[in-house]
Amino acid sequence: MDFIKQAGTDPFLSEEARHHSLQHKERSILLGRHQLEGKEDMTTKAIIFDFDGLIFDTETCELKSFEQLYEKYGVEFPKDEWLRIVGTISTYDPYETLTGAHPQLMKNDLMAEYAALFEKIVEGETVREGVKEYIERGKELGLKIAIASSSSRKWIEKYLAVIGLDVALFDVICTSDDVKNVKPDPELYEKVLSHFDIEPGEAIVFEDSANGSLAAIRANIPCVIVPNEVTKGLVFDERVALRLNSKKDMELDRVIEFISSRQ
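Under our numbering, think of the first position of the sequence shown as 2, with each following residue one higher.
Think of the hints as simulated: they come from the structure by calculation, not from any bench.
Incorrect hints may have been included.
[Unchecked claim] Straight-line alpha carbon distances no greater than 27 Å define the calculated DSS-like cross-link-like pairs of lysine-lysine that follow:
| id | residue 1 | residue 2 |
| --- | --- | --- |
| 1 | K121 | K192 |
| 2 | K133 | K108 |
| 3 | K73 | K248 |
| 4 | K46 | K121 |
| 5 | K192 | K133 |
| 6 | K46 | K181 |
| 7 | K65 | K233 |
| 8 | K65 | K145 |
| 9 | K133 | K233 |
| 10 | K140 | K249 |
[Unchecked claim] Pair ranges (Cβ atoms, derived):
| id | residue 1 | residue 2 | range |
| --- | --- | --- | --- |
| 11 | G125 | S247 | 16 to 22 Å |
| 12 | Q264 | E134 | 21 to 27 Å |
| 13 | G165 | A102 | 24 to 30 Å |
| 14 | K121 | G143 | 39 to 45 Å |
| 15 | F259 | G75 | 29 to 35 Å |
Source: prediction; values computed, not measured.
C-beta atoms are modelled at their ideal positions from N, C-alpha and C, and glycine is treated no differently.
Take the sequences, apply the hints, and build the full model.
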């Protein structure tokens with residue numbers, strides 16, 4: 002993930018996130034679809050995954066890398082500030098506190114040290130549990146499979162290879178290279194919907210971050226939160242449809258049923 006970030010809306014302070022209540026209506030449930038009374042049947046046609054922290058937990062690796070870098074120079078890592086930019090791009094510079102405490106340090110050198118720490122920590126890491134099963138089951142159900150990420154395509158392809166997932170598994174990969182605005186802006190998710198020519202209610206998003214979930218909500222797509230060790234303590238918008246500790250907690254078929262019943 003790039004660390005020179007572009008300012009975005011702060012999901013932690015959003016009135017939109019605090020004061021919007023969920024609307025509930027009874028629906029008849031069908032596997033992989035929901036039937037609206039007096040309306041045409043709606044079918045889940047696509048599942049859309051975030052990448053960092055959701056498919057591959059790069060976020061925990063990033064946090065550990067920064068903590069080790071800061072510890073080396075005897076400076077406390079500003080974790081709360083860093084957490085605010087998880088899942089997005091902003092102007093926050095995680096090296097600024099270090100260079101402020103040690104003016105003799107050069108940012109380029111610190112970035113190189115961080116990169117070396119990250120590659121060492123990420124070595125041996127693998128895909129998050131349940132991801133492969135969701136992809137396989139999605140294929141069996143005839144669903145379109147997508148990635149929508151605030152990171153670059155180069156980053157996504159590199160770490161898909163690291164965890165042994167073929168790029169060809171995904172019908173589309175939409176990244177920061179493809180849009181003007183990344184999460185929490187809905188543009189990434191709207192672009193995926195447009196690519197598949199489907200309605201928001203015909204997709205399900207899987208996210209791990211507050212910024213990512215807010216992007217899905219703003220695109221009117223049902224969002225399932227599966228936080229990682231870094232993001233599990235974040236405040237998520239109350240409009241998320243479902244929260245799981247792991248994709249192992251609920252099979253994809255059950256997730257589709259649950260989401261369908263709430264639309």
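Do the hints match the structure? See the list:
no. : hint                      : in the structure
1   : K121 <-> K192             : violated (34 Å)
2   : K133 <-> K108             : violated (38 Å)
3   : K73 <-> K248              : violated (36 Å)
4   : K46 <-> K121              : violated (39 Å)
5   : K192 <-> K133             : holds (24 Å)
6   : K46 <-> K181              : holds (26 Å)
7   : K65 <-> K233              : holds (16 Å)
8   : K65 <-> K145              : violated (34 Å)
9   : K133 <-> K233             : holds (21 Å)
10  : K140 <-> K249             : holds (18 Å)
11  : G125 <-> S247: 16 to 22 Å : holds (20 Å)
12  : Q264 <-> E134: 21 to 27 Å : holds (24 Å)
13  : G165 <-> A102: 24 to 30 Å : violated (40 Å)
14  : K121 <-> G143: 39 to 45 Å : holds (41 Å)
15  : F259 <-> G75: 29 to 35 Å  : violated (48 Å)
Hints 1, 2, 3, 4, 8, 13, 15, counting from the list given before, are not met by this structure.
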